[in-house]
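The primary structure of each chain is shown beneath.
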Amino acid sequence: MIYLQYILLAIAAVGAVLWLFRKSFFPKKYDSGNCGDGDCGCH
Amino acid sequence: MEKTIAHLKRGEIAIIKSFSETDVPLKLLEMGCLPGNLVTMMQSAPFQDPIYLNINGTHLAIRRETARKINVDPYV
Amino acid sequence: MSRSINVALIGNPNTGKTSLFNRLTGLNQKVGNYPGITVEKKEGLCKLDRGLKAHILDLPGTYSLNTSSLDESVVVETLLNKNSKDFPDVAVVISDIENLKRNLLLFTQIKDLEIPAILVINMADRMQRKAITLDIELMEKELNTRVVLVSARKNQGINALKEAISQYKTLKTEPCVNSSVIDPEYFSRLSKVYPNQQLYKLWLVITQDVNFGKVDRGRDYEKLKSSNFSVKSEEDLKKLQHKETVVRYQFINGLLKKVLHVDTVHAKDLRSKLDRILLHKVWGYLIFFFVLLLIFQAIYDWSEYPMDWIDQAFASLSQITAESLPDGPFTSLIAEGIIPGLGGIVIFIPQIAFLFLFIALLEESGYMSRVVFLMDHIMKKFGLSGKSVVPLISGTACAIPAVMATRNIEDWKERLITILVVPFTTCSARLPVYLIIIALVIPDQDIWWFFDLKALTLMLLYLLGFAAAIVSAWVLNKILPIKRKSFFVMEMPAYKLPMFKNVLITVIEKTKSFVLGAGKIIMAISIVLWILASYGVGDKFNNAESIVKEQYAGQDVEDKIIEQKIASHKLEHSFIGYIGKAIEPAVRPLGYDWKIGIAIVSSFAAREVFVGTLATIYSVENIKDEDKMNETIKNRMRAEVNPILGGPLFTFASGISLILFYAFAMQCMSTLAIVKRETNSWKWPAIQFTAMTIIAYFAALGAFQILK
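Protein chains in written order, with the numbering used here: chain Y, 1 to 43; chain R, 1 to 76; chain A, 1 to 708.
A portion of the hints provided could be inaccurate.
[To be verified] If you want the footprint, here are the derived chain A segments under chain R, 3+ residues with CB under 8 Å:
(1) 57-71
(2) 245-254
(3) 279-285
(4) 371-382
(5) 653-661
Think of the hints as simulated: they come from the structure by calculation, not from any bench.
Quantities reported herein were computed from a predicted structural model and do not represent experimental measurements.
For every residue, glycine included, the Cβ atom is placed at its ideal position computed from N, Cα and C.
Please construct the entire structure, taking both the sequences and the accompanying hints into account.
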C-alpha cells in the first residue's frame, strides 16, 4: 500500500514538472483555440 | 480663415464642406463625417478637448486637432 | 437528418450584436481564439426548423470592411476566404435603428461581396419612442434582400430571423452599389487581368494592405499580390477609398430618404440629460471617482463573507482528507500540498467575480465611453490616449486582455506606451497578496461613515498602480523616439440598461477561465513545492528528530512543541530550505525571511501563487500538529517570527515593503508572452521586465528601511 502511494507521488511530481516546463517554455496556449477572452493563459 | 468644426459653439449646427488635409483618416468618413452632412457640436470635454459631435445621427468624439482639419459652412 | 450551415454575425460595435448572439445560441456557445492570433472567436449553435442547424460565428465588431485593426481584419479574412471552414453560407448583418445610415455602409460592402446577407435591424422596440417609421417592404426591394426587425433586448423577432436564416437559399446576391464608378478605367483594366474574379473582392484585397499589414486570404489572393498589379500609389488608393465611401453614402442617403421617417420633435432625450451630468467638468470626474470607490468597496467589503466560508471549507477539507485516506506520502501531498494550494485561489472567486461584474456593467451601459471622453485630454499629456483608460481599467482584472484591448488605439506610440505600462495596474492576481497582507498589517478601523481603513488602503494601492502606469507613460513619451500622429475617433453609444443575461454570461465566462487557468498552474506548483519541502538530503534533514531532541534534552518542554521544532528543523534543511537560504541575502534587506523569498521566486510564474506557496510551506511545517491542520493561512502568517529581529515577521514595515514589491514587479510570464506577440519583438517585453523588477526591488528596499 505504501509503495502505491510512493508511485502515485512520483507520477504526480513528474507530471507537474513536465507540465510546468512545457507551459513556460512552449506556450502554445494562444493557438489552441480553447482559452476564454478574460484570461488567455494568464496564469 | 476657414471655419472648422473646432470653431463651433455648443449646440451649433453646420454643414461639412471639405477637409483641409488629404490625410483625414478613412475611419472618420466611414462614421459619416462626409462633405454635405450635418454636424452638431454637442459639447466639449472639460479642458475643451476632445469634442463630442453628432454627425448625421452618429455620436462621436474626436480630438480638437482633427476637428481643425474639417472645414464647415454655416447651416441656415 | 441534420444539416448544418455557417452563419456569420457581422455588425458595427454597439449594435447589440452580442445580445443577439446570446439570444440565438443561449449558453450553447464557446469562446476561443483565431489560430495564431489573439482575437477572440465566439461560436455557437442554433437549432432552426426541419432539422437544420446553424453554426453561428460572432465576428468582431467593425464599421467597415476597410480594416484598420487586427480584430477587423479577421472579419475581412473570414469573408474573403472561400476555402475556409468558417466561410459563411449566409451573413447576418446587424444594425441598430438609430444609426441605420452608418450601419448600412457595412451592409452594402458585404452585399457587394455577393454573399447572401440578411439585414437585421435591432432595437426595434425603440422605434415608437423615437417616432421612427420604416418602410420594410420598400427597403427589402431596394436592397434586394430580407430585412428583419428584432429586439434582442425584448426577445422580439428572433423567430422571424431564424426563419429567414433557414431560407437563406432564396436570398439574392446582386450587389447594391457599383463600386467601379469611382475609377471606371482602373476597374475595367482589373477585370481584364482577372476575368474570373469578382471586382469588389479584388478591390478589397488590393486596398487591405494600405490600411493594415498583410493578412492571409487564401491562395488566390496571394497570387494577386505577387503579380505586381500595383499601378496605383498608396495615396491614390486612399483617395479612391474615400471616394468609394462617398458613393456608398450617396446610395444609402437615397434609400433612407424613401424608407425612413423620423419625427424630430422630441429633441431632449435621455442621452443629452445624462451626458450633461456625466461629462460635467466637476460632477463627471466626481462620479467617476465614486464609481471606482464603489467597485473597491465591493471587492473588499462585500466579498468578505463568502471568502471566510471558502477559507474554512478548505481547511476542513484538508483535515477530512488526511483522516479518511490511508496514511502515506500521497495522502499527505493531497492534504498538505494540493488542497491548501487550491484553496489559495478558490478563495478569490467572489472578488474576481465582482470585478468582472462591474467592468461588464460599465461597458454594457455605455458609461465606459464617457470615461474615455473625460480622460482623453489628461491621458494625452502623458503620451496615452483616452482609449488607454479601458485597458487600464480592465488591467485591474488581468493584464492579458488589457494588452489586447489596446488594439483600438489608432496611434502606434500611444498604443505601445499603453502596452508597456498596463502591467502596473493592480491585476486580480495581485489581489490575493494585497488582501492577505492588508489583513495582517493594517488595523481594523472605520473612516468617515462606512469605509474601513482596509478598504481605503486597497483603494490607495489601486491608485498607486494607476499612478505608476501614468508616470512611466510620461517618461516613455519623453524618451521613445517615435512620432505621434495623435489621431482619435470614438463612437459615443446610447445609454442602455445593461442586460442581465449578457452581464451574467461575461462574468461566468471570465471568472471560470481565470480560476481554471490559475488552478492548473497552482496545482502543479503546489505539488513541486510540497515535495521539495518534504524531502531533503544530508544528516541535518534525516536525523532532524534526534538533533532537536538532543537540543531540548533535560528541558521541560511539551511534546507538541518538540514536534513542531522538529518539523521546522526539517523544513529548514529540506531542498526548499536550501534554495530559500540561498535567496535570503537578497530579500533580507527588504524585511523578508527565506520562506517569503521562495514565495516571491515562485510568483514569477504567476503572482497569486504567493499565497498558495506560503500555505503549502506552512502546512508542511505543521505536519504533526493536528490542531493546526485546520487553521487558516492568515493565522499561520500572523504567527511567523522574524528570525533576526524577533517579533512578528509581518510587521507594518515588511508588509508595506512586500506590497510595494508586488505592486511594481513584472511577475507574469503570460503577460510578457502577449506583449511580445502584440509588439512583434522581444525587445519590449525584455525592457518591461527589467525596468519593472528593478523599480520593485528598490521601492521595497526603501520602504522597509524607512519604516522599520
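Output the numbers, in ascending order, of every earlier hint that fails for this structure.
When the structure is compared with the hints, only number 5 turns out to be violated.
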